[in-house]
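Asks: Sequence:
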Amino acid sequence: MSDIDTWLAAFRTQAATLSGAGLPWLAAIRQRAIERFADEGWPTNRMEGFRHTSLAFLAQQRFVTAAQPAASAAGSAQAAVAQLRREEAGKAGADATGGHWLVFVDGVFAPALSAIGALPAGARVDALSAALASAPERVEAAFGSADGGASPAALNAALATDGAFVRLERGVAVEAPIHLVFVAATAGGACHPRNLIVAESGAQATVVEHYVGAPANAQDPSSLTNAVTRIDAGPDARITHLKLQQESAQAIHLARIEAVQARGAAFESHSLSFGARLARNDIVTRFDGEGCETLLNGLFHVDGRRHVDHHTRIEHAKPRGTSREFYRGILDGASRGVFAGRIIVAPGAMRTDAEQRTDNLLLSAQAEADARPELEIYADDVKCAHGATVGQIDEASLFYLRSRGLDEAHARNLLTYAFAAEALARIRLAPLRQRAAASIRARLPGGALLEELS
-15 MSDIDTWLAA FRTQAATLSG AGLPWLAAIR QRAIERFADE GWPTNRMEGF
35 RHTSLAFLAQ QRFVTAAQPA ASAAGSAQAA VAQLRREEAG KAGADATGGH
85 WLVFVDGVFA PALSAIGALP AGARVDALSA ALASAPERVE AAFGSADGGA
135 SPAALNAALA TDGAFVRLER GVAVEAPIHL VFVAATAGGA CHPRNLIVAE
185 SGAQATVVEH YVGAPANAQD PSSLTNAVTR IDAGPDARIT HLKLQQESAQ
235 AIHLARIEAV QARGAAFESH SLSFGARLAR NDIVTRFDGE GCETLLNGLF
285 HVDGRRHVDH HTRIEHAKPR GTSREFYRGI LDGASRGVFA GRIIVAPGAM
335 RTDAEQRTDN LLLSAQAEAD ARPELEIYAD DVKCAHGATV GQIDEASLFY
385 LRSRGLDEAH ARNLLTYAFA AEALARIRLA PLRQRAAASI RARLPGGALL
435 EELS
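With the first letter of the sequence shown counted as 1, position 26 gets the number 10 in my numbering; the numbers rise by one all the way through.
Any given hint could be a false lead.
Across the chosen pairs, the derived CB separations fall in these ranges [said to hold, decoys possible]:
1) Gly132 - Gly101: 50 to 56 Å
2) Ala393 - Ala99: 40 to 46 Å
3) Ala393 - Glu159: 38 to 44 Å
4) Gly101 - Leu399: 39 to 45 Å
5) Asp131 - Ala380: 23 to 29 Å
6) Asp378 - Glu32: 31 to 37 Å
7) Asp131 - Arg(-4): 17 to 23 Å
Derived lysine to any residue pairs resembling SDA-like cross-links, with alpha carbons at most 20 Å apart [to be verified]:
8) Lys367 - Met334
9) Lys367 - Arg304
10) Lys367 - Arg335
11) Lys367 - Gly248
12) Lys367 - Tyr384
13) Lys367 - Glu339
14) Lys367 - Arg308
15) Lys367 - Pro331
16) Lys367 - Asp316
17) Lys367 - Pro429
18) Lys367 - Ile377
19) Lys367 - Gly430
20) Lys367 - Thr306
21) Lys367 - Gln234
22) Lys367 - Arg297
23) Lys367 - Arg270
24) Lys367 - Glu274
25) Lys367 - Arg326
26) Lys367 - Phe403
27) Lys367 - Gly332
28) Lys367 - Ala330
29) Lys367 - Glu277
30) Lys367 - Ala250
31) Lys367 - Phe310
32) Lys367 - Leu279
Quick caveat, the hints were computed from the structure, so don't treat them as lab data.
Beta carbons are placed, not taken as given, at the ideal position from N, Cα and C, and that holds for glycine.
Use the sequences and the hints to build the structure in full.
Replies: See below:
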């Protein structure tokens, strides 16, 4: 049986038990999606968007997509969530128990591990499975089609049974962060979470996605996460989206974030990638109204033979839009980092102001970074710039620190941490910023000495 046949068999087995299975519109999307995946298969390096990140090897691997996580996963997932909450508590102090927490184990909502606090009127934070049962018409408007993104996104549309559903009515502001925690608890397991975030005119929220591996899988953590997050930001809405990926060292993490912004909407995306053997992140947004603002910010740290890829696209379809895009990578061992970013300024999108930059720090001679920032400009009266750097630690800066009494190892760590700190400084949510900083320090020999700089 081929890999494609395995996924087709999984679809046939589970189609009747997936959330919303009785909804004709959803059944049609799922059928179209699995047919598309069967036609296209996993992307290979013959495809332009995957030239540096072929997923063909996934055809040789077998993953189990279960309708419910195994009972043995419950304990390890609980331990993973408890550790995450403790880390957040350590950073948040008195507000340790604040916020809203939706937890998913192997892609399935775990109500016993979740905690949703008091929400303002007009706000809904729920599992996608629950929303499909109680308000399918709301989900239909936000679910998306089978045709967006590459074939992994189609596989998600076919097999997604859960995820988060966040809906904010006009003018509603959710002050506390909304945490979505996804625990890959079963070795050899696959999950396809689909998160839908809808913010009507003037609504505001901060959504944090955490992807972690369960402690029980630390020695054999092979798993596949194939996630899609869709964000619809209405006029003057403000959505801050943060994603922290810390899955196990042998995990495969595929994710697509797609946003649509109406007039005056502001969208921030912060992508932090510290785990997984291979991580591929596609982040796209489209300005469907005038005066939109976007910040795409990213940081990754890889070592060994690990591989991380960020593909981004910002479509300035309307005038007077502003976008800022900054991605930084730290690479050690024989790791590889890829950045391909495209900013498109459509005809008539005058007074666009766009800046794109990617910087990569190589800590070893075997590490490799591929950077491809691109601008496509079809309008006049615009201000656009892009740039890329790939280099090693600056010897002059190293000499300066050593002349001030630091040994070489500590000086290198300090410069590496300072490189990461520029990306972290753009994250306004202090607990997450501090947690990401701690993750960077933990990867540096003697990194604990740098804590006072956070």
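Asks: Hint by hint, note whether the structure agrees.
Replies: For each hint, the structure was consulted:
As the Cβ distance of Gly132 to Gly101 is approximately 32 Å, the hint placing it in 50 to 56 Å is violated. Between Ala393 and Ala99 the Cβ separation comes to about 42 Å, which falls inside the hinted range of 40 to 46 Å. Separated by about 43 Å at the C-beta atoms, Ala393 and Glu159 satisfy the suggested range of 38 to 44 Å. Between Gly101 and Leu399 the Cβ separation comes to about 41 Å, which falls inside the hinted range of 39 to 45 Å.
Between Asp131 and Ala380 the Cβ separation comes to about 51 Å, which falls outside the hinted range of 23 to 29 Å. The hint said 31 to 37 Å for the Cβ distance between Asp378 and Glu32, and at roughly 34 Å that hint holds. Restraint check, Asp131 to Arg(-4): a C-beta distance of roughly 22 Å satisfies the suggested window 17 to 23 Å. Straight-line distance between C-alpha atoms of Lys367 and Met334 comes to about 9 Å, which keeps the hinted pair within the 20 Å bound.
At roughly 10 Å between alpha-carbon atoms, Lys367 and Arg304 fall within 20 Å of each other, so this suggested pair holds. Our distance criterion of 20 Å between C-alpha atoms is met by Lys367 and Arg335, whose separation comes to about 7 Å. Restraint check for Lys367 and Gly248: the C-alpha separation of about 19 Å stays at or below 20 Å, so the hint holds. Taking the CA atoms of Lys367 and Tyr384, the gap is about 37 Å. The hint is violated against a cut of 20 Å.
Between Lys367 and Glu339 the alpha-carbon distance is near 8 Å, which keeps this suggested pair within the 20 Å criterion. With a C-alpha separation of about 12 Å, the suggested pairing of Lys367 with Arg308 holds against the 20 Å cut-off. Taking the CA atoms of Lys367 and Pro331, the gap is near 14 Å; set against the 20 Å cutoff, the hint holds. A threshold of 20 Å between alpha carbons decides the hint, and for Lys367 with Asp316 the separation of about 35 Å lies outside it, so the pair is violated.
Annotation: proposed proximity of Lys367 to Pro429 is violated, straight-line Cα distance about 42 Å (limit 20 Å). For the proposed pair Lys367 and Ile377, the alpha carbon gap of about 31 Å is over 20 Å, so the pair is violated. With a CA separation close to 43 Å, the supplied pair Lys367 and Gly430 exceeds the 20 Å bound. Restraint check: the Cα-Cα separation between Lys367 and Thr306 comes to about 9 Å, which is no more than 20 Å; the hinted pair holds.
A hinted pair counts as satisfied when its Cα atoms are at most 20 Å apart, and Lys367 with Gln234 does not qualify at roughly 42 Å. A threshold of 20 Å between alpha carbons decides the hint, and for Lys367 with Arg297 the separation of about 17 Å falls inside it, so the pair holds. The straight-line distance between the Cα atoms of Lys367 and Arg270 is roughly 18 Å, inside the 20 Å bound, and the hint therefore holds. Taken as a hint, the Lys367 and Glu274 pair is honoured in the structure, with Cα atoms around 16 Å apart against an allowance of 20 Å.
For the suggested pair Lys367 and Arg326, the alpha carbons sit about 15 Å apart, so the restraint of at most 20 Å is met. For the suggested pair Lys367 and Phe403, the alpha carbons sit about 27 Å apart, so the restraint of at most 20 Å is broken. For a cut-off of 20 Å, the pair hint linking Lys367 to Gly332 stands: about 14 Å separates their Cα positions. In summary, the hint linking Lys367 to Ala330 is supported, as the alpha carbons are separated by about 13 Å, within the 20 Å threshold.
Annotation: proposed proximity of Lys367 to Glu277 holds, straight-line Cα distance about 14 Å (limit 20 Å). A C-alpha spacing of about 19 Å is found between Lys367 and Ala250, which places the hinted pair at or below 20 Å, so the restraint holds. For the hint pairing Lys367 with Phe310, the CA-to-CA distance comes to about 17 Å; that is within 20 Å, so the pair holds. With a CA separation close to 16 Å, the supplied pair Lys367 and Leu279 stays within the 20 Å bound.
Checked against the numbered hints given earlier, the structure breaks hints 1, 5, 12, 16, 17, 18, 19, 21 and 26 and satisfies all the rest.
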